[in-house]
Amino acid sequence: MEPESANEKNTTAALNAPPSHERIRNILHALRTNRGALIGATIATVLVVTALAVFVAGVLHTRVTPFDPIKQDVGPAFAYPSWAHLMGTDELGRDVFSRVVAATPNDLAVSFTVIGFSLLVGAFVGTYAAFRGGLVDEALMRMTDIFFAIPALVLAMAIGIALGPGILNMTIALMAIWWPPYARLARGEALKIAHQNYIEAARLSGAGRFRILLEHALPNISVTLLVYASLDVGTVILIYSGLSYLGLAVRPPFPDWGQMVSAYQDYMVSVPWLPLFPGLVIALGVVGFSLLGDGLKDALGGS
Amino acid sequence: MNTVSFIARRLFLAIFVLLGVATITFILSHSLGGDPIYAWLGKAASQHPQLALQYEAKYHLSDPVWVQYYYYLVGVAQGNLGYSPSRGFVPVTTVIAQTLPYTVQIAFFALVISLLLGVTLGVVSARYHHRAADKSIRAFYLAGICSPSFFAALVLLIVFNLELHLLPSGGSVDVGISVPSPITYLPILDSLIEGNLAYFSSALQHVILPSMALALVNFGVVVRVLRSSMLDVMQSNYIRTARAKGLTETTVFFKHGLRNAMIPVVTLASILVTWLITGTIFVENIFAYPGIGQYVFQALTTQDYPGIMATTLVFAVIIVATNLVADILYVAIDPQIRLS
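Chains V and G, in that order, are what the protein sequence lines are. Going by the numbering used here, the first residue of the first sequence is number -4, and it counts up by one from there. Going by the numbering used here, the first residue of the second sequence is number 44, and it counts up by one from there.
By construction, these hints were calculated from the structure, which means they are not laboratory data. Positions of the beta carbon are idealized from the N, C-alpha and C atoms, including for glycine. Wrong hints could be hidden among the right ones.
Partial pick of chain V residues on the chain G-facing surface, computed with a CB cut under 8 Å [as the list claims (entries may be wrong)]:
1. V116
2. A153
3. S236
4. G237
5. G274
6. S285
To be clear about the criterion: a stretch of chain G counts as covered by chain V if any three or more of its residues have a C-beta under 8 Å from a C-beta of chain V, and this derived list gives those stretches [said to hold, decoys possible]:
7. 187 to 195
8. 268 to 274
Bound-form chain G, shown alone:
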């Protein structure tokens, strides 16, 4: 299969999967207390009769289910996700546009920390496998992987804020600091572009603990995969050849071993993104970080149905997109797959 048809197939699959996810949310929104209007306006629909009528007409809520299904899909494809009762009845898309950048910030830092920690410890684990270093690393990542993210977040909060007073307890930035004007819509990046260093350093301090909490419960999978892939690679013939050429063990390990052992780690990125996104629901709530996770938490506790259905869809879009990128990257870096 050549690269173009591979990507085309993946793209087709991605669209199919998203259609499936929208079907699931459609079915779910029809089981919300009987009235499909809840899925668009929440239980507060009765307080806004005008809007309720408008939605009833727009989404053909009095028509047969399959007609509703069609208009639902059209609405979702146009980015219309209803109104959020928990945020004063603004469109859900507006809420998502406001909160998503913060979640991207946390997820980015969490991913970087996970990969740095995971790759470093994975390399050490493989280099000294079955020795003390390997065993203590295993104990460390096992403790992380087995902790709920809300537990890790609380431990970090108690240690680094309440006990050591090193880092802020919550929020995205200290109060009273001027917010950078939106350029990329990612505040931390914008502040750097603008040269707003006060915002940059404060925002960085606020993002450390939540992303650390997420990284601590997720980096273990990187260690696990890299360690076993590294041990596999080091058994292969080309490593024996490299050694026979008289290269030092360090050169063989890093230049010939690590580079090839890193390939499976690329596919991990998509799994990591899934886990990190799930984790933000807990971590952002604990650290009062104004991202999409905090919105999900708020939507859940206030029965904001449109918010929950919409964020389910948004999460699916993010994951499908990450998978697509990971697949393409995988083909790009591994010639064995490209040729077969």
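This is chain V alone, in the form it adopts within the complex:
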């Protein structure tokens, strides 16, 4: 594409762009009329509200779950799902529903932390590399090549085993490996705008590299990054639940979705629903966040 025509398009688009409150209203309208996005938003809201409720209750030393998630013998062992125990009870007579609910903050907190960190670091490193060019840029690109050659889960696993198991260490391991794609994306987006008139104008008016980066470049690439991030929330939940399944995250007796599946699969011959409930909740959560992300992508792409 010729730079002139790109700039022209950009200027016309800027002139025709509706004011920001109207844009937000348009986006919300697009989300409301998209059935997939609505389902996704509902699931995501339920999960986030549940996670917050569990967290606040934990701080206040009370609980929102029907039973204490780690207390044994609140019912008979291996009880069928019923009104008293919505997902039945496990081998120690613990209420599975309470355990699933109590584990909600883990996956969400890990996912949001990892994504938030990757967004920040990726945006800065990527835009900086794009504007700086040369050796810095080349070094970043080659480093991301290395990260892409190892599956995320395997690398997180290897880092995790070096750090030792635990939810905090898994979050650190995931943060360490998750930002390179963001940096790559930010770099690509920043390269697209690097020669636009408004960046050139800022440079001519004497703005320094960091000021241009912070005030002009980042806001303009943030939409693309946010859409990518929203689609990524579910992926982190998937990977984290895998690490948890492998026993690298939350240790028993404290509940975690992936860990529950692996603990309960021993009983699948006689009580098959036991490992299926936490597994289904993971899948449902991931579906929710991907539908919401897809909807967001369509809404922002259309506006």
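We have chain V already, so just place chain G on it with the hints.
Chain G in isolation, oriented as in the chain V frame:
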């Protein structure tokens, strides 16, 4: 850029990436509980003082880090990956040689199923886009993509083994069947070459569920990419020309559309391989399939450090090699890239 220099550049990049991965595993193996000997012998190092001394000397573990780094790289390049405490202290390379063929079998079938399912549903989706068929296909692959592979594996196991009793629950073959002699080292292929049909049919039954589980959580990306690439292609001028020539819509769709829309699917193969390999760690464990994934799982639960570091490297080699092949294939089939 001509083809030769393109391939040379890719090859150089591949070597560079592998060096980077080895550097990462080197750094990680130095953070394992403080003693770098753990990376070669695991925490059981103290039980084998003879071997520990030997490794200390061989890898210069008392020397400065950069000296150790050099000997580490040399060792890895020579295929020396330490001893596996979780498998009775045999060399890790032996374990990998025993388990890798089984993982190749699962990954092969999973890849074939993913592509068959993905291409078929992608074509249907594009042909009837925005209609009921398209929407139900989307719901189907979304459910798959969003499920953890261990969940998909458990569902298949419960439905097809515990409830319907159709397929075996685990292992690579029924007990008591004579194993084919190694020719290609892939048991299923060897049994076919040898004419050992009992082994072949039993092994095939055992590989279906694990590879189905992997395919179900991964085929969605094929549908997604093929559908959008197909819709793009069908807008292009040469499709309009083909229609104007009076060709039937079916001919235009399959002969002119699909053939060109398939090009992006080739690059997907490398992404699929990455995902499939990751998935084997869960799926092989659930189906007790004796592949490299099961070994990783075992190594993790027993703190078999050499096993984990070595499999990380092996996975990276597989992925880098697949990427290289995919890149070369891509150039071979798409003349636009070759010329530019």
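Identify every previously stated hint that the structure contradicts and give their numbers, smallest first. When the structure is compared with the hints, numbers 1, 8 turn out to be violated.
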